[in-house]
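**Q** Chains as they are written, first to last, in my numbering: chain A, 1 to 333; chain B, 1 to 465.
These are calculated hints, taken from the structure and not from any lab test. Some clues are possibly wrong.
Dumping the calculated DSSO-like pairs for lysine-lysine here, alpha-carbon to alpha-carbon at most 27 Å [claimed, not checked]:
| hint | chain 1 | residue 1 | chain 2 | residue 2 |
| --- | --- | --- | --- | --- |
| 1 | A | Lys110 | B | Lys437 |
| 2 | A | Lys113 | B | Lys437 |
| 3 | B | Lys217 | B | Lys54 |
| 4 | A | Lys110 | B | Lys432 |
| 5 | A | Lys183 | B | Lys121 |
| 6 | B | Lys285 | B | Lys54 |
| 7 | A | Lys110 | B | Lys121 |
| 8 | B | Lys217 | A | Lys113 |
Values in this document were obtained by computation on a predicted structure and should not be read as measured data.
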Amino acid sequence: MEQHFDLTVIWAGIIGFGLMMYVLMDGFDLGQGILFPFAPNEKARDTMMNSVAPVWDGNETWLVLGGAGLLAAFPLVYSVFLPALYIGVFLLLAGLIFRGVAFEFRFKAKTSKHLWSWSFAVGSTVASFAQGAVVGAYIQGFETQGFVYSGGPLDWLTPFTVVTGLGLVAGYALLGSTWLIMKTEGELQDWAYKITPKLLAGLLTVFTIVCIYTPFVDETVKMRWFNNISIIWVLPALALFCAYVVLRAVKKRQDGMPFVASMGIFLFSYLGLLASKWPYIVPPNFTIWDAASSHNSQLFLLLGFLFVIPIVLAYTSWTYWVFRGKVKAGGYH
Amino acid sequence: MDLDPLILSRIQFAFVVCFHAIFPVFTIGLASTIAGFETLHFKTGNPIWQKLSKFWIQVFAVVFGIGVVSGIVMSFQFGTNWSNFSYATANFLGPVLSYEVITAFFLEAAFLGVLLFGRDKVPQGVHLFAAIMVATGTFISSFWILSANSLMQTPQGLELIDGMYYVRSWTEALFTPSFGYRFAHMALASFLTAALVVAGVSAWFILQKRELEANRKALSVALWFLLVLAPTQAVIGDFHGLNTLQHQPMKVAAMEGNWETSTGVPLLLFAIPDKEAQTNHFEVKIPKLASYVLTHDWDGEVPGLKDVPIEEQPPVFIVFWSFRIMVGLGLLMIAFAIWGLLLRPKGRYYQSTRFLNGLRLMSLSPFIAVLAGWVVTEAGRAPWLIYGQMTHAQGLTPSLTGGMALFTLIGYIVVYALVFSAGVYYLLQVFKGGLEKANEAPEMEEIERPKRPFSAARAAIDGEQ
Numbered sequence: 001m002e003q004h005f006d007l008t009v010i011w012a013g014i015i016g017f018g019l020m021m022y023v024l025m026d027g028f029d030l031g032q033g034i035l036f037p038f039a040p041n042e043k044a045r046d047t048m049m050n051s052v053a054p055v056w057d058g059n060e061t062w063l064v065l066g067g068a069g070l071l072a073a074f075p076l077v078y079s080v081f082l083p084a085l086y087i088g089v090f091l092l093l094a095g096l097i098f099r100g101v102a103f104e105f106r107f108k109a110k111t112s113k114h115l116w117s118w119s120f121a122v123g124s125t126v127a128s129f130a131q132g133a134v135v136g137a138y139i140q141g142f143e144t145q146g147f148v149y150s151g152g153p154l155d156w157l158t159p160f161t162v163v164t165g166l167g168l169v170a171g172y173a174l175l176g177s178t179w180l181i182m183k184t185e186g187e188l189q190d191w192a193y194k195i196t197p198k199l200l201a202g203l204l205t206v207f208t209i210v211c212i213y214t215p216f217v218d219e220t221v222k223m224r225w226f227n228n229i230s231i232i233w234v235l236p237a238l239a240l241f242c243a244y245v246v247l248r249a250v251k252k253r254q255d256g257m258p259f260v261a262s263m264g265i266f267l268f269s270y271l272g273l274l275a276s277k278w279p280y281i282v283p284p285n286f287t288i289w290d291a292a293s294s295h296n297s298q299l300f301l302l303l304g305f306l307f308v309i310p311i312v313l314a315y316t317s318w319t320y321w322v323f324r325g326k327v328k329a330g331g332y333h
Numbered sequence: 001m002d003l004d005p006l007i008l009s010r011i012q013f014a015f016v017v018c019f020h021a022i023f024p025v026f027t028i029g030l031a032s033t034i035a036g037f038e039t040l041h042f043k044t045g046n047p048i049w050q051k052l053s054k055f056w057i058q059v060f061a062v063v064f065g066i067g068v069v070s071g072i073v074m075s076f077q078f079g080t081n082w083s084n085f086s087y088a089t090a091n092f093l094g095p096v097l098s099y100e101v102i103t104a105f106f107l108e109a110a111f112l113g114v115l116l117f118g119r120d121k122v123p124q125g126v127h128l129f130a131a132i133m134v135a136t137g138t139f140i141s142s143f144w145i146l147s148a149n150s151l152m153q154t155p156q157g158l159e160l161i162d163g164m165y166y167v168r169s170w171t172e173a174l175f176t177p178s179f180g181y182r183f184a185h186m187a188l189a190s191f192l193t194a195a196l197v198v199a200g201v202s203a204w205f206i207l208q209k210r211e212l213e214a215n216r217k218a219l220s221v222a223l224w225f226l227l228v229l230a231p232t233q234a235v236i237g238d239f240h241g242l243n244t245l246q247h248q249p250m251k252v253a254a255m256e257g258n259w260e261t262s263t264g265v266p267l268l269l270f271a272i273p274d275k276e277a278q279t280n281h282f283e284v285k286i287p288k289l290a291s292y293v294l295t296h297d298w299d300g301e302v303p304g305l306k307d308v309p310i311e312e313q314p315p316v317f318i319v320f321w322s323f324r325i326m327v328g329l330g331l332l333m334i335a336f337a338i339w340g341l342l343l344r345p346k347g348r349y350y351q352s353t354r355f356l357n358g359l360r361l362m363s364l365s366p367f368i369a370v371l372a373g374w375v376v377t378e379a380g381r382a383p384w385l386i387y388g389q390m391t392h393a394q395g396l397t398p399s400l401t402g403g404m405a406l407f408t409l410i411g412y413i414v415v416y417a418l419v420f421s422a423g424v425y426y427l428l429q430v431f432k433g434g435l436e437k438a439n440e441a442p443e444m445e446e447i448e449r450p451k452r453p454f455s456a457a458r459a460a461i462d463g464e465q
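Can you build the whole structure from these sequences, using the hints too?
**A** As structure tokens, this is what we get:
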């Protein structure tokens, strides 16, 4: 039994880390799509898209790995979340497809360019909202019978998940706008400075609602936060501190700090959520150990990861090195 | 009429998987073709090979891009519509799919960047190496996927405990008895696809009198490959069929439209199988030939569908006709290969308008043949999801309603229709641009967006080029 415990925790760490990486990396490029319709002009939109074009699709390979890794390490999550979020998953995928191809076609298009702009904007927003709703649904928990989801098709869509959905849209937009502050200059950067505090206010509103609501869904969570004032209170405190740093940096018109601090908000909120729910991975009934795949399978894949991932990182960094210094938003000059 | 989530999910899966399959089957073969062109260029220094490589890399980039996008949908289909199946097989399927991502997808993605954009940044040998790595990645990917599929066809190495499979032996589970045949059959199909598309497109260019020297060379190479591959595929297909006869007799019975187990069974050229009446109408047959093909003995015994109750029989009509379409197209490919050989003397193969026009049409044939082949093997497994162990009904997501399945089915059809018609339209623009456009120097005002598949292609999606 002891061995099983170890591997499952290792896998929870890998998946948890992977998810965080995905949120941070895909977050700011989804944010470009959310901000797209509000951008000052068409030239700004070209720059916004160019600033993330070289990186976005690598991020989506990680999403596929996340899906496959979840099936391998925690099959119960895969087989409960996906049926429960059936319609939401479809919206997520449709959104990702529309925004993905927009990257390719918008620059090739001449007469149909505005269509691909809309495809990018709507696709990104829908995909972000769906991801936020998934977080909300996870907090709410799932109705299960045995190891099978037994709720209805739209159980995931409640006022609370709509709020978390909108919250993630605001959050990704914040990552997007602070990314623009860091990566651009002139008119576009001014605009990004201007909208950042508004997006931050939107995100903090949702943050507050989630903080108040989450303990009341689940008795264990309530006990954890209120019965003994423990070290975990430091996590929301740090998230709020990061929000303050964003605001101060925007006021001082610093370039890099708003983006870093925005990532900090995400990181500490995420850790806070994990601290609330641990070790429940399919709330309210199943822990990571209930959801785990067999020891043999976890081991088989972990060995592969240990051998293959260093090789993957080696050749991936080699290709980055080949293209060093050439990733620019503009053209040849 | 009640909406049946089972039927709708099967239609949905068939739709998304067929749509997806078109793209990798082409890119697997094309990646090797490109690696071949690059090798020839490296060895001979003849710039014609580079010209060809540059053009086909652009085609590859677009097809690969569409394949990746449609592949993301696939990785979620198992969970959304077949959650019981996913849960039961997760101990096997999860690691296999994860291995596919880490051993193949990352390899393809990383080296594709170098292949598309690194020609002037790395030494020629390294660029060739990148081409070979991309081709290798596509094969590793098909290894894992076909291994997973073969386990569903001929399961072994697993143990079922409390509704969940546990892997008893990874070697047995990864290399099931049908795996080798399936892999060889599919790999050859990919090469055939590439050969026929290259032949068809080159023929089209030759008919238009464009870049004659390069396109003649490409056509010549493609025809040599066709001559070797098409007959070999028939032999491999025969072995695969014998393997199926041994492990999945009902699939073979449906392929042959044979209802009663008997000896000296005729080969049906035409028939309308009727599952309800448990018989065929309008049979046109060649005596004893099915027995000979399947057992290599004129009086060999061939299993009949009536060996199992009607609810365990596959959809006979679909399997029967898909099989005939596949074999018919395969024979047509062999015919074209021989025709091409006969036209070899004095280079008539690039002069005969009739032959070139025929090749143009034949460039669609491998896609139809591959899809038909997959329908044979997948529908022929029905009602089993895992042969003899789990039915489609048992693997379905329990909470799925007909309305939900219909909603997403229509949704995927609409999304694919919009997005992929744009992709295919764009591919046609790349074809129209031809070798000439692909070999132009990059324009000065072109915005640099490295490491993106479609950015390798230079055509405009709409308006003037």
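**Q** Work down the list of hints and note, for each, if the structure agrees.
**A** Against the structure, the hints:
no.	hint	verdict
1	A/Lys110 <-> B/Lys437	holds (18 Å)
2	A/Lys113 <-> B/Lys437	holds (22 Å)
3	B/Lys217 <-> B/Lys54	holds (15 Å)
4	A/Lys110 <-> B/Lys432	holds (17 Å)
5	A/Lys183 <-> B/Lys121	holds (26 Å)
6	B/Lys285 <-> B/Lys54	violated (49 Å)
7	A/Lys110 <-> B/Lys121	violated (30 Å)
8	B/Lys217 <-> A/Lys113	violated (38 Å)
When held up to the earlier numbered hints, the structure conflicts with 6, 7 and 8 and fits the remainder.
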